[in-house]
Amino acid sequence: MTTLLIRGAQLPDGTRTDLLIDGGVVAERGDGLTKLGATIVDADGLVALPGLVDLHTHLREPGFEASETVLTGTRAAAAGGFTAVHAMANTSPVQDTAGVVEQVASLGAQHGYATVRPVGAVTVGLAGERLSEIGAMARSRAAVRVFSDDGKCVADALLMRRALEYVATFDGVIAQHAQEPRLTEGAQMNEGALSSELGLAGWPAVAEEAIIARDVLLADAVGARLHICHLSTAGSVEVVRWAKARGIRVTAEVTPHHLLLTEQLVADASDPYLPRYDARFKVNPPLRRDEDVHALRAALADGTIDIVATDHAPHPVETKECAWQEASFGMVGLESALSVVQAAMVDTGLLEWSDVARVLSRVPAEIGRLEGYDAPFEPGSPAHLTLVDPAARSVFGPGSLRGKGVNSPYFGRELPGRVIATIHAGVPTVLEGVLRAEEEVSHG
Amino acid sequence: MPARVVLQQADIARALTRISHEILETNRGGSDLVLLGIPTRGVVLAERIAANLERFEPGSGIVGSLDVTMYRDDLDRHPTRTPSPTRLPAGGIDGKTVVLVDDVLYSGRTIRAALDAIGDLGRPRAVRLAVLVDRGHRELPIRADFVGKNLPTAVAERIYVRLGEIDGEDAVAIESSEGERS
Amino acid sequence: MRHLLTTETLTRADALAILDVAEDMAEVATRAVPKLPTLRGRTVANVFFEDSTRTRLSFETAAKRLSADVVTFSAKGSSVSKGESLKDTTQTLAAMGVDAMVLRHSASGAAEVLAASDWIDAAVVNAGDGTHQHPTQALLDAFTLRKSLHGDASRGRDLDGVRVTIVGDVLHSRVARSNVWLLATLGAHVHLVGPRTLLPVGVETWPVTTGTDLDEAIAARPDAVMMLRVQQERMHAAYFPHEREYSNVWGLGDDRLDRLPADTIVMHPGPMNRGLEISARAADSPRSVILDQVANGVSIRMAVLYLVLSGSDPREAAA
Numbered sequence: 001m002t003t004l005l006i007r008g009a010q011l012p013d014g015t016r017t018d019l020l021i022d023g024g025v026v027a028e029r030g031d032g033l034t035k036l037g038a039t040i041v042d043a044d045g046l047v048a049l050p051g052l053v054d055l056h057t058h059l060r061e062p063g064f065e066a067s068e069t070v071l072t073g074t075r076a077a078a079a080g081g082f083t084a085v086h087a088m089a090n091t092s093p094v095q096d097t098a099g100v101v102e103q104v105a106s107l108g109a110q111h112g113y114a115t116v117r118p119v120g121a122v123t124v125g126l127a128g129e130r131l132s133e134i135g136a137m138a139r140s141r142a143a144v145r146v147f148s149d150d151g152k153c154v155a156d157a158l159l160m161r162r163a164l165e166y167v168a169t170f171d172g173v174i175a176q177h178a179q180e181p182r183l184t185e186g187a188q189m190n191e192g193a194l195s196s197e198l199g200l201a202g203w204p205a206v207a208e209e210a211i212i213a214r215d216v217l218l219a220d221a222v223g224a225r226l227h228i229c230h231l232s233t234a235g236s237v238e239v240v241r242w243a244k245a246r247g248i249r250v251t252a253e254v255t256p257h258h259l260l261l262t263e264q265l266v267a268d269a270s271d272p273y274l275p276r277y278d279a280r281f282k283v284n285p286p287l288r289r290d291e292d293v294h295a296l297r298a299a300l301a302d303g304t305i306d307i308v309a310t311d312h313a314p315h316p317v318e319t320k321e322c323a324w325q326e327a328s329f330g331m332v333g334l335e336s337a338l339s340v341v342q343a344a345m346v347d348t349g350l351l352e353w354s355d356v357a358r359v360l361s362r363v364p365a366e367i368g369r370l371e372g373y374d375a376p377f378e379p380g381s382p383a384h385l386t387l388v389d390p391a392a393r394s395v396f397g398p399g400s401l402r403g404k405g406v407n408s409p410y411f412g413r414e415l416p417g418r419v420i421a422t423i424h425a426g427v428p429t430v431l432e433g434v435l436r437a438e439e440e441v442s443h444g
Numbered sequence: 001m002p003a004r005v006v007l008q009q010a011d012i013a014r015a016l017t018r019i020s021h022e023i024l025e026t027n028r029g030g031s032d033l034v035l036l037g038i039p040t041r042g043v044v045l046a047e048r049i050a051a052n053l054e055r056f057e058p059g060s061g062i063v064g065s066l067d068v069t070m071y072r073d074d075l076d077r078h079p080t081r082t083p084s085p086t087r088l089p090a091g092g093i094d095g096k097t098v099v100l101v102d103d104v105l106y107s108g109r110t111i112r113a114a115l116d117a118i119g120d121l122g123r124p125r126a127v128r129l130a131v132l133v134d135r136g137h138r139e140l141p142i143r144a145d146f147v148g149k150n151l152p153t154a155v156a157e158r159i160y161v162r163l164g165e166i167d168g169e170d171a172v173a174i175e176s177s178e179g180e181r182s
Numbered sequence: 001m002r003h004l005l006t007t008e009t010l011t012r013a014d015a016l017a018i019l020d021v022a023e024d025m026a027e028v029a030t031r032a033v034p035k036l037p038t039l040r041g042r043t044v045a046n047v048f049f050e051d052s053t054r055t056r057l058s059f060e061t062a063a064k065r066l067s068a069d070v071v072t073f074s075a076k077g078s079s080v081s082k083g084e085s086l087k088d089t090t091q092t093l094a095a096m097g098v099d100a101m102v103l104r105h106s107a108s109g110a111a112e113v114l115a116a117s118d119w120i121d122a123a124v125v126n127a128g129d130g131t132h133q134h135p136t137q138a139l140l141d142a143f144t145l146r147k148s149l150h151g152d153a154s155r156g157r158d159l160d161g162v163r164v165t166i167v168g169d170v171l172h173s174r175v176a177r178s179n180v181w182l183l184a185t186l187g188a189h190v191h192l193v194g195p196r197t198l199l200p201v202g203v204e205t206w207p208v209t210t211g212t213d214l215d216e217a218i219a220a221r222p223d224a225v226m227m228l229r230v231q232q233e234r235m236h237a238a239y240f241p242h243e244r245e246y247s248n249v250w251g252l253g254d255d256r257l258d259r260l261p262a263d264t265i266v267m268h269p270g271p272m273n274r275g276l277e278i279s280a281r282a283a284d285s286p287r288s289v290i291l292d293q294v295a296n297g298v299s300i301r302m303a304v305l306y307l308v309l310s311g312s313d314p315r316e317a318a319a
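Line by line, the protein sequences give chains A, B and C.
Each residue of the first sequence is one higher than the last, beginning at 1 in the numbering used here.
Each residue of the second sequence is one higher than the last, beginning at 1 in the numbering used here.
Each residue of the third sequence is one higher than the last, beginning at 1 in the numbering used here.
You may find that some hints are simply not true.
To be verified - Just a sample of chain C residues kept apart from chain B, beta carbon distances all over 12 Å, derived: (1) Glu27; (2) Arg31; (3) Ala32; (4) Pro34; (5) Pro37; (6) Thr38; (7) Thr61; (8) Ser67; (9) Glu216; (10) Arg229; (11) Glu243; (12) Tyr306.
To be verified - Computed Cβ-Cβ distance ranges for the label pairs, DEER-style: (13) B:Val155 to A:Pro275: 39 to 45 Å; (14) C:Gln91 to A:Leu217: 51 to 57 Å; (15) C:Val201 to A:Gly380: 38 to 44 Å; (16) C:Gln91 to A:Gly349: 19 to 25 Å; (17) C:Gly187 to B:Asn150: 33 to 39 Å; (18) C:Ala238 to A:Pro398: 41 to 47 Å; (19) C:Pro261 to B:Arg55: 48 to 54 Å; (20) A:Ala245 to C:Val201: 41 to 47 Å; (21) B:Pro58 to C:Gly270: 50 to 56 Å; (22) B:Gly136 to C:Gly187: 27 to 33 Å; (23) A:Pro275 to C:Glu84: 50 to 56 Å; (24) B:Asp73 to C:Asp254: 52 to 58 Å; (25) B:Gln9 to C:Thr72: 42 to 48 Å; (26) C:Gln91 to B:Ser176: 36 to 42 Å.
Unchecked claim - Just so you have them, the derived chain C footprint on chain A, three or more residues with Cβ under 8 Å: (27) 190-201; (28) 316-325.
Simulated from the structure, these hints should not be mistaken for laboratory data.
Cβ coordinates follow ideal geometry from the N, Cα and C atoms, glycine included.
Could you put the whole structure together from the sequences, leaning on the hints where they help?
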């Protein structure tokens with residue numbers, strides 16, 4: 001086990017301290033700590049965050065290893081400061097049985113870059129017809145608590161009601177991908193003047209808002225908790241705000257890209273010579289309007305939106321090097337998430353670093369029922385930490401990525417912040433800004 | 001770069017008058033003559049010659065224009081040219097003596113293109129060529145039948161033909177520079 | 001002009017240049033030998049990922065009248081049905097030596113993606129991309145309008161003050177989109193008429209007026225009425241109840257034809273659904289310019305091929 005002595009880190013609450021990491025836990029906290037033989041990490045000027053927890057990651061294994069594997073995806077996670085990821089169920093075979101979720105979880109444990117928490121499918125094969133083995137997955141060694149058909153909406157109201165009730169039995173939560181399927185048949189981008197001009201089938205905001213409205217009412221009716229994946233519209237914010245005011249047990253996430261990017265990237269009207277229809281900006285839910293971005297930021301700042309989750313969605317390059325309609329939906333996001341949150345929320349004065357710790361670590365862990373993230377800097381707690389240099393700035397490029405996917409929307413964009421160290425269960429996965437080798441991580 | 005004027009308005013008028021006489025003489029009169037100007041300035045010159053012919057021999061000043069843009073072999077060596085209209089006289093050119101009129105004869109490639117264009121438009125009895133200025137440097141076996149002025153030039157020099165109808169004044173000038181060919 | 005991708009960014013001067021060159025090209029068609037040597041030695045590839053015999057034939061005729069060699073790639077029965085991509089197909093054609101690609105694709109933006117990519121060097125002419133644009137169709141419509149208003153004196157004229165009513169499925173129509181921007185750029189006033197379900201969201205930001213009442217639009221005495229083709233499959237997606245209702249409310253039937261001012265022309269991009277959006281009498285009436293549109297299509301496409309394939313390469317000039 002590595003012994004690390006972190007010197008002079010600034011905690012999210014602003015206090016400055018040394019931290020001794022030993023035996024996989026935070027061993028000591030205070031000023032002027034010393035420890036013979038410890039690796040010294042000079043954290044002067046760095047912010048120490050609790051290890052980041054992503055509630056929404058696509059690791060693609062099993063089945064789509066050309067896009068990502070558990071190993072490459074968790075390496076990307078570590079590079080982005082994450083120590084735990086929730087792996088979405090749309091693998092092949094689908095994560096709808098205890099066997100598959102246990103396999104995914106154990107692959108994560110074996111590689112050691114991050115804790116992998118599989119998300120179980122709500123319905124068999126994500127087909128939206130029959131409930132999957134929710135109980136078996138919950139009671140498996142993977143201890144699944146988040147269930148989602150992400151990529152597809154649980155559109156059938158009866159099935160959704162039953163799912164909400166049934167997962168409550170296991171203290172689980174349904175994470176709904178809110179997309180009314182009929183309203184979004186063939187949809188390509190946010191519905192509006194721009195989609196009409198570009199001749200791309202529109203994705204109306206109401207297709208998301210109608211499902212959220214229905215589901216918060218269902219959750220209320222059956223007294224279950226509900227999580228909404230990747231909220232993307234100002235209207236969705238209003239519905240969630242109303243639901244929370246009524247005491248409905250709903251949590252909501254927003255992706256980094258919906259906090260920073262708008263539909264204008266599909267066709268920047270301010271510059272007629274910029275290429276349009278660049279499929280790197282094709283994502284589900286689609287990039288929305290400027291006013292949606294501002295509503296989402298405000299909602300994250302005031303707590304209406306609980307967390308940020310990446311929806312890291314790697315794809316092979318050929319599925320983006322094509323016409324927009326033929327391209328896959330999705331963006332990689334693990335490596336850029338913290339920088340984007342800093343740019344959109346911290347540097348704009350909307351969030352403090354303590355809020356970042358809340359929306360990117362403590363609350364996603366709570367929603368996922370992931371233990372060990374409630375008191376991250378207290379002696380005795382598992383050592384899941386991230387050291388970030390908020391003063392760094394760099395141009396994001398393919399070299400910034402560590403997973404298999406290169407479908408990032410941020411290439412060429414200057415972003416703030418840099419992950420200097422990531423420590424997962426006492427083991428550094430990133431040190432001095434460099435992702436550590438597999439054998440160093442898996443053997444501790 | 002200062003341009004040196006080599007023909008003034010009166011010189012140009014004299015040259016065109018002479019060419020007009022020569023055309024009538026060679027053609028043994030004004031019957032079955034069609035003047036086709038090559039845009040842009042060749043059309044103006046053709047109209048002036050036609051006006052002369054009309055004075056010398058009424059009914060002989062039949063004039064049209066022949067655009068050769070679509071027949072050029074150097075389309076990818078110059079910025080895109082916008083073609084000008086081709087206007088043939090009502091009687092067409094079949095069996096007629098066509099006199100092509102252009103301002104400057106240089107490589108001969110424009111005239112080559114014009115001959116191809118004429119071939120697609122009809123079958124004249126004969127085709128003649130009248131130019132205001134022959135500056136030499138031919139790249140094809142083409143020569144003019146009627147020449148206003150022979151002007152030996154260097155390749156690096158440029159010839160400017162200015163005509164009142166287009167440019168507000170009549171003049172031919174040479175500019176010595178490293179510029180491209182006109 | 002390096003490519004022709006959309007009418008949205010065409011300037012008035014660019015558009016007029018194309019229309020005027022097309023005037024010259026139209027004259028060629030009247031000659032004994034309707035052929036020019038202009039593009040001898042050049043190869044134009046018709047790359048049709050989506051079937052369209054009419055557009056393909058029109059481009060092929062245009063290219064051949066300019067003496068270009070023409071190769072045709074048609075998705076039907078080719079490797080595209082086995083999933084070959086835009087990139088692979090166009091790179092394969094480029095490797096064979098192609099100077100211009102005329103691209104028809106079911107995906108909106110395909111021509112722009114191809115032109116912006118580094119996959120090929122050839123000029124790209126958009127021959128219809130999804131529900132986005134079909135710029136040569138709009139250009140031939142503008143040409144036809146101008147010709148019907150100004151005849152032989154068309155050259156150099158724009159469409160200032162000309163009132164054009166476009167009727168039907170604007171939502172799915174690349175013809176309508178292309179025309180809206182081009183006609184507006186040329187100074188025309190465009191009025192869109194159709195059921196609310198078939199008018200695009202955000203249409204209020206377009207340089208047009210809109211309405212739902214065809215009779216009202218006809219009473220306003222437009223200079224031209226352009227009927228859009230109705231795709232039969234739209235009915236199943238609940239855009240309108242059935243053919244008869246569509247035909248009664250938005251079709252150019254005989255009674256509406258009779259109410260049109262005598263000098264209003266009737267246009268249709270083809271292929272027509274006779275009896276649905278347009279009656280047989282309207283289609284065949286003297287005021288119908290539908291066949292002129294087809295003939296003018298060849299002249300416009302000749303002009304476009306000439307303009308994208310002539311002129312020194314700006315990249316070489318810069319080098």
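Consistency of the hints with the structure:
For glutamate 27 (chain C), the requirement that its beta carbon stay farther than 12 Å from each beta carbon of chain B is not met, with the minimum near 7 Å. With a closest Cβ-Cβ approach of about 6 Å to chain B, arginine 31 (chain C) is found to fall inside the 12 Å limit, against its non-interface label. Separation of alanine 32 (chain C) from chain B is inadequate, the least Cβ-Cβ distance of about 8 Å not exceeding the 12 Å criterion. For proline 34 (chain C), the shortest C-beta to C-beta distance to chain B comes to about 9 Å, within the 12 Å cut-off, and the non-interface label is violated.
The non-interface label for proline 37 (chain C) is inconsistent with chain B: the shortest C-beta to C-beta separation is roughly 6 Å, within 12 Å. Annotated as non-interface, threonine 38 (chain C) brings its C-beta within 12 Å of a C-beta of chain B; the closest such distance is 4 Å. Taking the minimum C-beta to C-beta distance to chain B, about 16 Å, the non-interface status of threonine 61 (chain C) holds against the 12 Å cut. Not every beta carbon of chain B lies more than 12 Å from that of serine 67 (chain C), the smallest distance being close to 10 Å; the non-interface claim is violated.
The beta carbon of glutamate 216 (chain C) is kept farther than 12 Å from every beta carbon of chain B, the shortest such distance being approximately 42 Å. The beta carbon of arginine 229 (chain C) sits about 34 Å from the closest Cβ of chain B, which is more than 12 Å, so the claim that it is off the interface holds. Every C-beta of chain B lies more than 12 Å from that of glutamate 243 (chain C), the closest at about 46 Å, which supports listing it as non-interface. Here tyrosine 306 (chain C) does not stay apart from chain B, with its beta-carbon only about 7 Å from theirs, under the 12 Å limit.
Checking the proposed 39 to 45 Å range against valine 155 (chain B) and proline 275 (chain A) shows it holds: the Cβ atoms sit about 42 Å from each other. A beta carbon spacing of about 53 Å between glutamine 91 (chain C) and leucine 217 (chain A) agrees with the range 51 to 57 Å that was offered as a hint. Distance hint for valine 201 (chain C) and glycine 380 (chain A): a CB-CB separation of about 57 Å, inconsistent with the stated range 38 to 44 Å. Between glutamine 91 (chain C) and glycine 349 (chain A) the CB atoms are about 49 Å apart, so this pair departs from the stated range of 19 to 25 Å.
Glycine 187 (chain C) and asparagine 150 (chain B) have their C-beta atoms about 50 Å apart, which leaves the hinted 33 to 39 Å range violated. The supplied range of 41 to 47 Å is met by alanine 238 (chain C) and proline 398 (chain A), whose beta-carbon atoms lie about 45 Å from each other. Taking 48 to 54 Å as the suggested C-beta distance range, the pair proline 261 (chain C) and arginine 55 (chain B) conforms, at roughly 50 Å. For the hinted restraint 41 to 47 Å between alanine 245 (chain A) and valine 201 (chain C), the CB-CB distance of approximately 31 Å leaves it violated.
Our hint of 50 to 56 Å for proline 58 (chain B) and glycine 270 (chain C) holds, since their Cβ atoms are close to 52 Å apart. The given range of 27 to 33 Å is broken by glycine 136 (chain B) and glycine 187 (chain C), whose C-beta atoms sit roughly 48 Å from each other. Hint check: proline 275 (chain A) to glutamate 84 (chain C), Cβ distance near 23 Å, so the stated range 50 to 56 Å is violated. Between aspartate 73 (chain B) and aspartate 254 (chain C) the beta carbons are some 55 Å apart, a value that agrees with the proposed interval 52 to 58 Å.
Take glutamine 9 (chain B) and threonine 72 (chain C): their Cβ atoms lie about 57 Å apart, and the range 42 to 48 Å is violated. Look at glutamine 91 (chain C) against serine 176 (chain B): about 49 Å separates their beta carbons, and that is not inside 36 to 42 Å. Against chain C, the stretch 190-201 of chain A contributes 11 residues with a C-beta closer than 8 Å to a partner C-beta. That satisfies the three-residue criterion, and the hint holds. For the stretch 316-325 of chain A, the proposed coverage by chain C is satisfied: 6 residues have a C-beta within less than 8 Å of a C-beta in that chain, meeting the threshold of three.
When held up to the earlier numbered hints, the structure conflicts with 1, 2, 3, 4, 5, 6, 8, 12, 15, 16, 17, 20, 22, 23, 25 and 26 and fits the remainder.
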